[in-house]
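Student: Residue numbers (the UniProt record's numbering), protein chains in the order written: chain A, 1 to 292; chain B, 1 to 457.
Errors might be hidden in some of the hints.
Said to hold, decoys possible - Taking beta-carbon pairs under 7 angstroms as the criterion, some of the chain B residues facing chain A (in silico):
#, residue
1, 85
2, 93
3, 107
4, 129
5, 183
6, 187
7, 277
8, 416
9, 420
10, 424
11, 429
12, 449
To be verified - Using 27 angstroms as the maximum straight-line C-alpha spacing, the simulated BS3-like pairs for lysine-lysine come out as follows:
#, chain 1, residue 1, chain 2, residue 2
13, A, 54, B, 121
14, B, 105, A, 122
15, A, 184, A, 200
16, B, 83, B, 346
17, A, 157, B, 307
18, B, 291, A, 122
19, B, 70, A, 122
20, B, 70, A, 54
21, A, 226, B, 437
22, B, 352, A, 54
23, B, 441, B, 132
24, B, 385, A, 54
25, B, 70, B, 352
26, B, 451, B, 121
27, B, 105, B, 159
28, B, 437, B, 70
29, A, 122, B, 263
Stated by the list, open to error - Derived Cβ-Cβ restraints for the label pairs, each shown as a range:
#, chain 1, residue 1, chain 2, residue 2, range
30, A, 68, B, 66, 30 to 38 angstroms
31, A, 281, B, 291, 52 to 60 angstroms
32, B, 109, A, 281, 37 to 45 angstroms
33, A, 23, B, 74, 38 to 46 angstroms
34, A, 30, B, 240, 53 to 61 angstroms
35, A, 123, B, 310, 23 to 31 angstroms
36, A, 8, B, 451, 28 to 36 angstroms
37, A, 19, B, 131, 18 to 26 angstroms
38, B, 451, A, 128, 41 to 49 angstroms
39, B, 434, A, 43, 52 to 60 angstroms
These are calculated hints, taken from the structure and not from any lab test.
We put the CB at the ideal spot given by N, CA and C, even for glycine.
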Amino acid sequence: MLRNKTYPFYFTLATIALYTLFLVVPGVMGFYYSLTDWNSFSDEINFIGLDNFKTLFSSGEHYMSYVYNTLNFTVSTVVLKTALGLLFAIALNEGIKMKGFHRVMVFMPAIIPMLVVGLVFKSVLNPATGLLNETLRYVGLDFLAQKWLVDVNWAFKSIIAVDTWKGVGYIMIILLAGLQSISKSYYEAASIDGANLWHKFRYVTIPLLMPSLVVTTVLNLLYGLKVFEAVYVLTNGGPGYATDVVYTAIFKEFSMGRYGVGTALSTMLFVFMTIAGYFIIRLMTKGEDERS
Amino acid sequence: MKRFTAVCTSIILTSALLTACGGNNNSEPSASQSATPSASQGESTETASNSGAAKKDITLTYLASQDWIKDAEMELAKKFEEKTGIHIDYQIIPADQYFNVLKTKLNSGEGPDLFGGQSGKSEISLNYNAQKNAVDLSDQEWVKREDPLSVDQLTLNGKVYAQTIWDTSNSYVIVYNKKVFAEQGLNVPTTYAEFKDAALKIQKAGITPLYEPVADGWHHVLWFAEPGPQYDKLQPNLYEDLNANKTNFETSAPMLTSLTQLKEMYDLGLFGDNALSDTFADMANQMASGKFAMALMTQDLPQQIEKINPELKATDFGFFVIPLADNQIYYVNPGGPSKFVYSGGKHIEEAKQYLGFLAEPENLQYLLDNTPTFSNLNFSGLKDKYSDEQKKLHETYPVKGTDIQDYVNYVNPQWMDMGKDIVGMFGGAAEPVDVLKSIDKRRSDMAKIAKDEGWNK
Chain A
1 MLRNKTYPFY
11 FTLATIALYT
21 LFLVVPGVMG
31 FYYSLTDWNS
41 FSDEINFIGL
51 DNFKTLFSSG
61 EHYMSYVYNT
71 LNFTVSTVVL
81 KTALGLLFAI
91 ALNEGIKMKG
101 FHRVMVFMPA
111 IIPMLVVGLV
121 FKSVLNPATG
131 LLNETLRYVG
141 LDFLAQKWLV
151 DVNWAFKSII
161 AVDTWKGVGY
171 IMIILLAGLQ
181 SISKSYYEAA
191 SIDGANLWHK
201 FRYVTIPLLM
211 PSLVVTTVLN
221 LLYGLKVFEA
231 VYVLTNGGPG
241 YATDVVYTAI
251 FKEFSMGRYG
261 VGTALSTMLF
271 VFMTIAGYFI
281 IRLMTKGEDE
291 RS
Chain B
1 MKRFTAVCTS
11 IILTSALLTA
21 CGGNNNSEPS
31 ASQSATPSAS
41 QGESTETASN
51 SGAAKKDITL
61 TYLASQDWIK
71 DAEMELAKKF
81 EEKTGIHIDY
91 QIIPADQYFN
101 VLKTKLNSGE
111 GPDLFGGQSG
121 KSEISLNYNA
131 QKNAVDLSDQ
141 EWVKREDPLS
151 VDQLTLNGKV
161 YAQTIWDTSN
171 SYVIVYNKKV
181 FAEQGLNVPT
191 TYAEFKDAAL
201 KIQKAGITPL
211 YEPVADGWHH
221 VLWFAEPGPQ
231 YDKLQPNLYE
241 DLNANKTNFE
251 TSAPMLTSLT
261 QLKEMYDLGL
271 FGDNALSDTF
281 ADMANQMASG
291 KFAMALMTQD
301 LPQQIEKINP
311 ELKATDFGFF
321 VIPLADNQIY
331 YVNPGGPSKF
341 VYSGGKHIEE
351 AKQYLGFLAE
361 PENLQYLLDN
371 TPTFSNLNFS
381 GLKDKYSDEQ
391 KKLHETYPVK
401 GTDIQDYVNY
411 VNPQWMDMGK
421 DIVGMFGGAA
431 EPVDVLKSID
441 KRRSDMAKIA
451 KDEGWNK
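Please take these sequences and the hints and turn them into a complete structure.
Tutor: Below is the structure:
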């Protein structure tokens, strides 16, 4: 019996070794370095306790606004991508014309690299010569023309909009697959019980789509918390520090050679992502557990 | 028999694998070989450079910010390749992202063979950690011919870490359209008040007073940093006291005045509506369009404008210094974008060879003659191209001083951050004094890391 139990363990040894070497060890080392003054200008690495974290929370720099921006981006994109993705998925799941064409059109931005999307939108959103403002002016909607990426009030919203445009197709595909796995018999039974469209959506579609929604929400959440490219390419954190997020700050710290502070920021983000991911999964699978 | 076949097969496969792994040894020397070449290797390199014989099949990667590599230098690189077989692979990064990309590469040990960087003692020690990341070039022949002021900006503990080949007239001055000024009955301003009045009058006439490319993140900082000698004059010994940590930016009245005036210019709309998205690369085009009356630029802008719009002649433009804080001193920057050889590179000797080639007198003259933006270079024995307006500029402002970025420690390494702070100030997120406080905070952080005596008593 004991042999039967240990036998599979031998097969997992290589995986455990790789996991330990490439994930556990760097993770633990990263945590240790976040408690040191490690930088590129000195060969000495001294233990300084929680000083790096104190710097993050109390210094006159902009770290807390980076955290706020990251959360703002995450919540906004989770809500927008899920809502729009669901809308598109439902539309494509119903009998709209040219279903394949629409599916490709919505999904296509998801396969374009963010760098390319960023460069294109940087041009499109230029306040003076950009396609968007030019079009608005051409059709007489001058008052809607904005300084999309350089106005403090609009820059972050513009990043969220561009990222949503790029990411919504991916979410749509997952939700569409979820919708297509729901048996029509549920809707037929609901119709017999006199349910209207809203009731069917609320009491049939949403509960049965919940596994897909959990997946998309967690994916969006993790993506949102580690957003970098969209901000870096579109605004590089500007105007001023208005759109800087945690990852651009980490990048900046490492580029300045302040590895200790950069690692502390990474550690903080890791802890936050773990906690947020855990609670989101628990919250969204609560109903499922109760049902089972 | 099967066993025999298996053994033979494995021997053949292993041999093939080993041969493949060692296949590059002939084409490229190993890192250790090229990093520490023997005397005979050095001789063969010299011979290859001079005669064109024994060409090498090597590519040098060269990372630089946009606008640092001139077309003429690329032509010289082609000649260098023809001569030696060494190809230069230019990797040009947008200015607003360059330093982050470079420093990330350096700090992660992934530097290119050659990298561009700004000169300045605190810049090269703190931004690039030159003593660790750059090769000592003190023994190179061209060092003796380079302007000692330029060399000094790249020297740490007696070792020269880079080569500057840059325009000696690269001081950014206000280039103004003389016709617009004449039409409005304006004279060259000598105080900020006169400058503001002139700009408002131009604005009233329907012309945007100044083209200011804030989008690149660095240009608008010039407004604050260049009139440094004036701050030093108004607050005696300011430069020395800043370097000794006896005073700071926050309490400097001239600096506060300058930033307050800069904000006032932005608030008055003197930079137009789209300054935050305007780019440096578009400056000559915009000035050539006639929509703008002035721009803060190097003294080659008039030639660029004439090239784009022949109706506007280079002689239609004049120069004056930034008049913030009533400045009337011509500020000099003895440095400029410089070329470093990465200490971890595989082709250190070849990189040195390229720098030696660029610094040959005939190649320097070629670069000067074929770069419209250059009037003179920081090497002896060259024929300059100073225009009459440049000569007039030098006569008008006989008093000269070094700008902040080169004189005051820990300023240049935070240039882009200062740019962000100033944009924040433009947007109302910060006051001028907050910008100064941020500069002090970063200087203090850098000085502590550098174990500067002034900050670590």
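Student: The structure should be examined with respect to each hint, and the outcome stated for every one.
Tutor: Now the hints, each set against the structure:
1. 85: violated, 33 angstroms
2. 93: violated, 12 angstroms
3. 107: Interface hint status for residue 107 of chain B: holds (5 angstroms vs cutoff 7 angstroms).
4. 129: holds, 6 angstroms
5. 183: Since chain A brings no Cβ nearer than about 25 angstroms to residue 183 of chain B, farther than 7 angstroms, the hint is violated.
6. 187: violated, 31 angstroms
7. 277: holds, 5 angstroms
8. 416: With Cβ-Cβ at 9 angstroms, over 7 angstroms, it is violated.
9. 420: holds, 5 angstroms
10. 424: holds, 3 angstroms
11. 429: holds, 6 angstroms
12. 449: holds, 5 angstroms
13. A:54 with B:121: At roughly 31 angstroms apart (the allowed maximum being 27 angstroms), residue 121 of chain B and residue 54 of chain A break the hint.
14. B:105 with A:122: Given pair residue 105 of chain B, residue 122 of chain A holds - Cα atoms ~25 angstroms apart, limit 27 angstroms.
15. A:184 with A:200: holds, 11 angstroms
16. B:83 with B:346: Holds: residue 83 of chain B and residue 346 of chain B sit about 20 angstroms apart, inside 27 angstroms.
17. A:157 with B:307: Distance ~40 angstroms between residue 157 of chain A and residue 307 of chain B Cα, so the pair is violated.
18. B:291 with A:122: Cα-Cα ~24 angstroms, so holds.
19. B:70 with A:122: It holds: about 26 angstroms lies between the C-alpha atoms, which stays within 27 angstroms.
20. B:70 with A:54: Violated - the C-alpha atoms of residue 54 of chain A and residue 70 of chain B are around 46 angstroms apart, more than 27 angstroms.
21. A:226 with B:437: Distance ~30 angstroms between residue 226 of chain A and residue 437 of chain B Cα, so the pair is violated.
22. B:352 with A:54: Violated, because 45 angstroms separates the two Cα atoms, which is more than 27 angstroms.
23. B:441 with B:132: holds, 25 angstroms
24. B:385 with A:54: Roughly 56 angstroms between the alpha carbons, so the hint for residue 385 of chain B and residue 54 of chain A is violated.
25. B:70 with B:352: Answer holds: residue 70 of chain B to residue 352 of chain B is near 19 angstroms, not above 27 angstroms.
26. B:451 with B:121: Measuring from Cα to Cα gives roughly 15 angstroms; hence the hint holds.
27. B:105 with B:159: holds, 23 angstroms
28. B:437 with B:70: With a Cα-Cα distance of about 37 angstroms, the restraint between residue 437 of chain B and residue 70 of chain B is violated, given a limit of 27 angstroms.
29. A:122 with B:263: holds, 26 angstroms
30. A:68 with B:66: 30 to 38 angstroms: Holds: the Cβ-Cβ distance is about 32 angstroms, inside 30 to 38 angstroms.
31. A:281 with B:291: 52 to 60 angstroms: holds, 57 angstroms
32. B:109 with A:281: 37 to 45 angstroms: Distance hint for residue 109 of chain B, residue 281 of chain A holds at roughly 38 angstroms.
33. A:23 with B:74: 38 to 46 angstroms: Since residue 23 of chain A and residue 74 of chain B have Cβ atoms about 45 angstroms apart, the given range 38 to 46 angstroms holds.
34. A:30 with B:240: 53 to 61 angstroms: Violated, since residue 30 of chain A and residue 240 of chain B (Cβ atoms, about 43 angstroms apart) do not stay within the stated range.
35. A:123 with B:310: 23 to 31 angstroms: holds, 29 angstroms
36. A:8 with B:451: 28 to 36 angstroms: Once the Cβ atoms are compared, 56 angstroms apart, the range 28 to 36 angstroms for residue 451 of chain B and residue 8 of chain A is violated.
37. A:19 with B:131: 18 to 26 angstroms: Check failed, 39 angstroms falls outside 18 to 26 angstroms.
38. B:451 with A:128: 41 to 49 angstroms: The hint (41 to 49 angstroms, Cβ to Cβ) holds, given that residue 451 of chain B and residue 128 of chain A are roughly 47 angstroms apart.
39. B:434 with A:43: 52 to 60 angstroms: Violated - the Cβ-Cβ distance for residue 434 of chain B and residue 43 of chain A, about 35 angstroms, lies outside 52 to 60 angstroms.
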